[in-house]
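Undergrad: Assemble the dimeric complex from its two separately framed chains, guided by the hints.
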Amino acid sequence: MTADAIRQQLTEIFREVFDDPALDISDAMTAQDVDGWDSLSHINMILGVEQGFGIKFSIKDVRAMHNVGDLIEAIAKKRG
Amino acid sequence: MLSFTSPLFFLALALAAVGLYTIPGRWRAAYGLLLSYGFYAMVSLKFLGLMVAASLLAYAIGLGIARASDERAKLRLMLLGIGGLLAGIVAFKAGGAWHGWLLPLGLSYYSFKLMSYVIEVYWDEDSVERDLTLFLGYPAFFPQIISGPIQRSAPYFAQMRALAGRRLDEAQIEQGFGLIVTGLMLKLLIGDRLFTLIAAVDAAPGSFTRAGLLATVAGYTLQLYADFAGYTRIALGIGKMLGIDGPPNFNAPFLATNIQEMWRRWHMSLTTWLTDYLFIPLTMTLRGFGLAGLLLCILINMVLIGVWHGFTLNYLIFGVMHAVYFSLTLLWFRYVAPPRGRKAPPEPRLQRLAKTGLGMLLTFALMSSTQIFFHSGTFAQAWGIVRQILGVLPSGTRAIGEIAPGASATFAACALIAAWAGCGAPGASGLSARIAPLVPRWLQYGIGLFLLAILTPDSAGSFVYGQF
Numbered sequence: 001m002t003a004d005a006i007r008q009q010l011t012e013i014f015r016e017v018f019d020d021p022a023l024d025i026s027d028a029m030t031a032q033d034v035d036g037w038d039s040l041s042h043i044n045m046i047l048g049v050e051q052g053f054g055i056k057f058s059i060k061d062v063r064a065m066h067n068v069g070d071l072i073e074a075i076a077k078k079r080g
Numbered sequence: 001m002l003s004f005t006s007p008l009f010f011l012a013l014a015l016a017a018v019g020l021y022t023i024p025g026r027w028r029a030a031y032g033l034l035l036s037y038g039f040y041a042m043v044s045l046k047f048l049g050l051m052v053a054a055s056l057l058a059y060a061i062g063l064g065i066a067r068a069s070d071e072r073a074k075l076r077l078m079l080l081g082i083g084g085l086l087a088g089i090v091a092f093k094a095g096g097a098w099h100g101w102l103l104p105l106g107l108s109y110y111s112f113k114l115m116s117y118v119i120e121v122y123w124d125e126d127s128v129e130r131d132l133t134l135f136l137g138y139p140a141f142f143p144q145i146i147s148g149p150i151q152r153s154a155p156y157f158a159q160m161r162a163l164a165g166r167r168l169d170e171a172q173i174e175q176g177f178g179l180i181v182t183g184l185m186l187k188l189l190i191g192d193r194l195f196t197l198i199a200a201v202d203a204a205p206g207s208f209t210r211a212g213l214l215a216t217v218a219g220y221t222l223q224l225y226a227d228f229a230g231y232t233r234i235a236l237g238i239g240k241m242l243g244i245d246g247p248p249n250f251n252a253p254f255l256a257t258n259i260q261e262m263w264r265r266w267h268m269s270l271t272t273w274l275t276d277y278l279f280i281p282l283t284m285t286l287r288g289f290g291l292a293g294l295l296l297c298i299l300i301n302m303v304l305i306g307v308w309h310g311f312t313l314n315y316l317i318f319g320v321m322h323a324v325y326f327s328l329t330l331l332w333f334r335y336v337a338p339p340r341g342r343k344a345p346p347e348p349r350l351q352r353l354a355k356t357g358l359g360m361l362l363t364f365a366l367m368s369s370t371q372i373f374f375h376s377g378t379f380a381q382a383w384g385i386v387r388q389i390l391g392v393l394p395s396g397t398r399a400i401g402e403i404a405p406g407a408s409a410t411f412a413a414c415a416l417i418a419a420w421a422g423c424g425a426p427g428a429s430g431l432s433a434r435i436a437p438l439v440p441r442w443l444q445y446g447i448g449l450f451l452l453a454i455l456t457p458d459s460a461g462s463f464v465y466g467q468f
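These protein sequences, in sequence, are chains H and P.
Residue numbering for the first sequence is 1 to 80, as defined by our numbering.
Residue numbering for the second sequence is 1 to 468, as defined by our numbering.
Warning: the hint list may mix true and false statements.
Some chain H residues close to chain P (C-beta under 7 angstroms, calculated; not the full set) [as the list claims (entries may be wrong)]:
{"hint": "1", "residue": "Ser-39"}
{"hint": "2", "residue": "Ile-43"}
{"hint": "3", "residue": "Met-45"}
{"hint": "4", "residue": "Ile-59"}
{"hint": "5", "residue": "Lys-60"}
{"hint": "6", "residue": "Arg-63"}
Just a sample of chain H residues kept apart from chain P, beta carbon distances all over 10 angstroms, derived [claimed, not checked]:
{"hint": "7", "residue": "Thr-11"}
{"hint": "8", "residue": "Gln-32"}
{"hint": "9", "residue": "His-42"}
{"hint": "10", "residue": "Leu-47"}
{"hint": "11", "residue": "Gly-54"}
{"hint": "12", "residue": "Ile-55"}
{"hint": "13", "residue": "Asn-67"}
{"hint": "14", "residue": "Ile-72"}
{"hint": "15", "residue": "Lys-77"}
{"hint": "16", "residue": "Lys-78"}
{"hint": "17", "residue": "Gly-80"}
No wet-lab data here; the hints were simulated from the structure.
This one's a predicted model, so the numbers in the text were calculated from it and none came from an experiment.
Note that CB positions come from ideal geometry on N, CA and C, so glycine has one too.
Isolated chain P (complex conformation) (with noise of 0.2 angstroms):
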């Protein structure tokens, strides 16, 4: 299997590049396309007829509601289209949990991508898209088909029309291959060896001190983040590459004060999408009801993030909790906390400081408790780390330094630098440019791709999100 982290991958991704950029313009979406089914056909060639099954669904459904000329009509088409796109989802996630069943590769992402076409269209017929090559590229597009991000369709489109009447950028190669280059460092480098660490205290909770658990707790939200957030960078980069540049996943997650802005800020093209195709519609319904609609809302929305991952009891018990906090959140800045913003009265910088770190330690906490149900494969393993955790249940003596040589000081560094990275990378890209003169840009890849070559660990490979 040709995957986003071995060197043969992006061999073929460098060929790929040279041809797009040499064939005549008005080939390149066909082009495209043919690269995107060869990639999906290599990992799962069962599951290819799927996805070409859903994507014709959604374009005549688009076309069907662009002809269609009463109200209704249109509706009905929309709802039948959401239908059956939502039906393939839901079929295989409850197969997967219930029966065992393989999920196919991006079903979750494409059939989100053409729920929003079809929606799109829905609302305004102008966005209909009557190119069936253009078309088809957009769900089934490589780069996002295995952890997304989840796109637009407009902004594809428009770039894949533009791509078709311009020449190679070589700003754009330079940019994705930075993104890669170092989203497979922060992958495999920095999430890998998380994920190493965490797997042995996973192993025997019970047999590690509650100091030793709770690091690792923190662990799971670093480690998700390195690998997604990672995973999310390479994404980019190829498709950069290829001349699309897709929506962000993060912004900076760990700079959050509060757990509605850090909502905002992790897995965005997910949370955005909820928001629109979702939350507004919902809330606009609900309007009558006032706050219990809102709250109602929440819940709804929150439980659709936690079982999207998976019909299972932990990632509903994930959706339960956030929709909790959330709502608590919303209640106290609503009722509780003095105005913010540019009303809030000026405060001491110190104050503010403060208050500043308290909240991002306090919503990394309320995350990295989520985390525990997200991450733990049975309800019973979480169950036993929060009553660990709780002191309900003994601790043990082990410590996390005891699990190799080392190893306290890797998972250190490690969750370091994950936090460091999720708060926005401060001093990097300030770094890279005040070094510049001395070390060109290429040298700067250069070394990254040394480190990656030198201390990638023989285990390192697959990402978490990639079974959703």
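The following block holds chain H by itself, in its conformation from the complex (with noise of 0.2 angstroms):
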């Protein structure tokens, strides 16, 4: 799967989660930037991925991630 396509699929993802249709995501994206993303939407966020992506993370997998674009690498390196 390439970075582009993660992207995509992620965007729709997270307008999901978060409740807007507008919403449009970007590397240096962080909890801060988006409306509602707190730690009770944040573990909604990381099940939507999981199941979206047919994949599974782990507490230290989640504790790393700082950004979406690091969202996007531990996405592409779980697809292998």
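TA: So this is what it looks like as structure tokens:
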């Protein structure tokens, strides 16, 4: 899966989880940049990504993600 | 005992700070450690050994995790470290609740620091600290030992390293001094005055009117804020003078418009600790259970916040009440309330203001209702106050004004000032800057010290959070 394809699918997931059809994502984006992205919705986002991409993250994986770019990288790595 | 409110302490601090910036940089970490151990030994020589043992345990576990080659060995070491540190807290808190043991000074705070270090190293081996002198100074750092704030290891080590290579920073000294003076004023002039009046009501709540009792319950929250936020400012100020910026504990908590937001603004160094090391791992583990799993995580998290203060029924009830309020807020926003933030449709200004004001009042009222259990020494006392407020028990006829001459005016003034401070003290820094050409900063601090000297009540001094 290419980074662009991941980004496209991830955008859809983000729009759904954060209930904002106009939301666009970028690599440098963090929880501060998105309305309603707190520790409660974070877990929904992780769950949405896991189901959408058919992968499983560990707590350690999630802790290492500091922005959307890290998330995309982690997805790419899991998808092999 | 050297207290953060005693003039002798600040004299010693000034000398200590001069020493820190005079000696060569490479000795500063060792000097800081000596100061911290010296401070601890003066307060409690008996328990210094316990803190050193806990520190050495975490240090060794960190090295072990960094050296271990396979994941299972790392996990075992991490669990061993957390288990050992947790056992210490549980043993002493249980002993304190059931056998009247004395709690070792700062145990909850330095143990939480050490646990966060062990977990950080487990998550990322690069977080390991091999310099023993530097490491030992982290849990022991005396400005944060009595009641936090609970600093993370990475920013502490980074700042302590930087301290070795830099000169005295005048701005840092001045800001530190400002934090100490305003913290002392909040604590001694406001918090301790409220405390005296609240203690008079505590002695016989049944003799007071229902309105007087309601005002007292609001006073619990305001007094706790003035006490703990005052302490935190002093602790941050002392740390700043010694070159270390600590994490904030309060961010204008009374501006919160719901209980979720309140917890992002209240005792933040504890709540972010629990979010990172308990709540997120827990929600990750229970993510297959959907909403029920999330609500369970909230319950566990809030109950732990409660019993962290002590193993008593009242702290447990405090935690459960917050879990219920928090969960209801979550459900409300998820299923009932219209969208917020950017997605919200524009609203007339007046309507928005009214909503914000109502939200703030409701949040404060909910917070204060939990403070009945947090503040009261026994369940019977707390339950009596609840029943009196609900009208099940009859109220008396005394008013707060009858406690002492001028008591109601003192109570109202202190409550208003504490509420204003808890809203982020709007206007204060602007005013200070505007009058600076006429009344320079040093004179402003001088006025603060003068007010402290003439207005501090005789009974003032001990901190609420010192007992945890």
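Undergrad: If a hint holds in the structure, say so; if it doesn't, say that too.
TA: Hint check:
Restraint check, Ser-39 of chain H versus chain P: the minimum CB separation of about 5 angstroms is within 7 angstroms; hint holds. Here the hint on Ile-43 of chain H is kept, as its CB sits about 4 angstroms from the closest CB of chain P, short of 7 angstroms. Checking Met-45 of chain H against chain P by beta carbon gives a least distance of about 11 angstroms; that is not within 7 angstroms, so the hint is violated. Satisfaction of the interface hint for Ile-59 of chain H is found here, the shortest Cβ-Cβ separation to chain P being roughly 5 angstroms, below the 7 angstroms cut-off.
Here the hint on Lys-60 of chain H is kept, as its CB sits about 6 angstroms from the closest CB of chain P, short of 7 angstroms. Checking Arg-63 of chain H against chain P by beta carbon gives a least distance of about 5 angstroms; that is within 7 angstroms, so the hint holds. For Thr-11 of chain H, the condition that its CB be more than 10 angstroms from all CB atoms of chain P holds, with the nearest at approximately 17 angstroms. Distance check for Gln-32 of chain H against chain P: the nearest CB is about 13 angstroms away, which clears 10 angstroms, and the non-interface claim stands.
Not every Cβ of chain P is farther than 10 angstroms from the Cβ of His-42 of chain H; the closest lies at roughly 7 angstroms, contradicting the non-interface assignment. Not every CB of chain P lies more than 10 angstroms from the CB of Leu-47 of chain H, the least distance being 5 angstroms, so the non-interface label is violated. Listed as a non-interface residue, Gly-54 of chain H keeps its Cβ farther than 10 angstroms from every Cβ of chain P; the least gap is roughly 15 angstroms. The Cβ of Ile-55 of chain H sits about 13 angstroms from the closest Cβ of chain P, beyond the 10 angstroms cut-off, so the non-interface label holds.
The Cβ of Asn-67 of chain H sits about 16 angstroms from the closest Cβ of chain P, beyond the 10 angstroms cut-off, so the non-interface label holds. The beta carbon of Ile-72 of chain H is kept farther than 10 angstroms from every beta carbon of chain P, the shortest such distance being approximately 19 angstroms. Here Lys-77 of chain H stays apart from chain P, with its beta-carbon at least about 16 angstroms from theirs, past the 10 angstroms limit. Even its closest Cβ contact with chain P, about 15 angstroms, leaves Lys-78 of chain H beyond 10 angstroms, as expected for a residue assigned away from the interface.
Non-interface status of Gly-80 of chain H relative to chain P is upheld: no Cβ of that chain comes within 10 angstroms, the nearest being about 20 angstroms off.
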